[in-house]
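All chains should be modelled from the sequences, with the hints used to inform the complete structure.
Heads up, the sequence shown is in the numbering used here, so the first residue is 5 and it goes up one at a time.
Take these hints with a grain of salt, some might be off.
[Unchecked claim] Per label pair, the in silico range of CB-to-CB distance: (1) Val305 x Pro175: 21 to 31 Å; (2) Gln62 x Ser27: 34 to 44 Å; (3) Glu98 x Ser126: 38 to 48 Å; (4) Glu98 x Ala259: 32 to 42 Å; (5) Leu232 x Gly258: 17 to 27 Å; (6) Arg148 x Thr184: 28 to 38 Å; (7) Gly149 x Gln234: 43 to 53 Å; (8) Glu212 x Ser29: 28 to 38 Å; (9) Leu288 x Tyr144: 20 to 30 Å; (10) Ala231 x Gln62: 34 to 44 Å; (11) Lys301 x Gly50: 39 to 49 Å.
No wet-lab data here; the hints were simulated from the structure.
Idealized CB from N, CA, C, for every residue including glycine.
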Amino acid sequence: MKLGFVTAALPGIKLEPLADWASESGFGMLEIACWPDLGPSRRYGGVTHIDVDGLDKQGARAIRSMLNDRNLDISSLAYYPNPLDPESGPGAIEHLKKVIDAAEKLEVEIVGTFVGADQTKSADENFEAFAKVWPPIVRYASERGIKIAIENCPMLWKQTWPGGQNIAFSPVHWRRMFETIPDDNFGLNIDPSHLIWQFIDEIRPIYEFRDRIFHAHAKDMAIDREALYQHGVIDVGVNWAIPKLPGLGEVRWGAWMSALYSIGYDWVVSIEHEDRAFEATEDLVKRGFYLTRDFLKPYIV
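This is the structure in structure tokens:
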């Protein structure tokens with residue numbers, strides 16, 4: 005297994021100097037941000053470390069050579085939009101296909117993304133849309149030898165309460181997804197932090213969905229118990245779920261890593277840095293990555 009990180013947390017650094025820093029800092033993989041270059045649309049959205057619009061085979065070879073020289077691999081290409089949004093969904097799907105094409109050129113096996121949701125609709129209504137929108141996307145990826153790894157983030161904050169913008173957030177929904185699309189190249193990018201604030205066991209899903217786990221995010225979550233007392237669970241985490249670096253929250257990392265090893269997972273643990281205490285400057289972001297590296301390193305063999 006290798007330790008990597010999502011490059012979106014360092015938007016001000018171009019890919020090559022970012023790769024220099026990652027290699028010098030002891031990381032082995034990069035989950036490379038591939039949003040369209042339209043400026044930040046949300047936290048970390050809009051970060052472009054590989055411009056998939058302009059990527060040809062020669063450019064892909066150059067990127068691969070640059071990373072190989074630094075003993076780095078690409079764990080996945082990262083683009084997390086809302087393909088089921090009635091307004092932005094068609095454009096998101098168009099760009100997602102470009103990311104899939106880029107993955108093929110780069111010989112990267114995985115693209116990480118969201119299923120999406122229309123936050124104004126019920127789960128049943130969203131799954132009706134999912135059954136129409138997603139099978140062609142998964143088939144498009146399969147034809148190019150690419151796996152789609154769906155992150156289990158509800159994409160829920162004050163502006164999207166109470167529905168959220170990604171229905172792939174819980175085991176009951178994952179089962180429904182995989183019953184609708186049983187294709188072998190359709191799976192999960194498992195992130196334990198989102199299970200913590202939903203009060204879902206973060207270990208058990210690894211065993212239940214062992215054949216669907218393609219990629220793993222390392223992010224922690226703290227629960228502000230005073231804010232939870234004040235606001236209650238109907239607040240669905242808006243005021244009391246606090247993203248943290250691994251080791252600073254409530255994820256049981258020893259058991260979580262043990263479960264990954266137990267199912268034979270042997271790819272990446274990719275740090276998704278969203279800890280606001282380490283975000284104010286580029287130096288703080290890097291310090292956050294160092295802290296997480298040193299915390300997780302004993303688990304990586």
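Going through the numbered hints above, which ones does this structure break? Give me the numbers in ascending order. 2, 3, 6, 9, 10, 11
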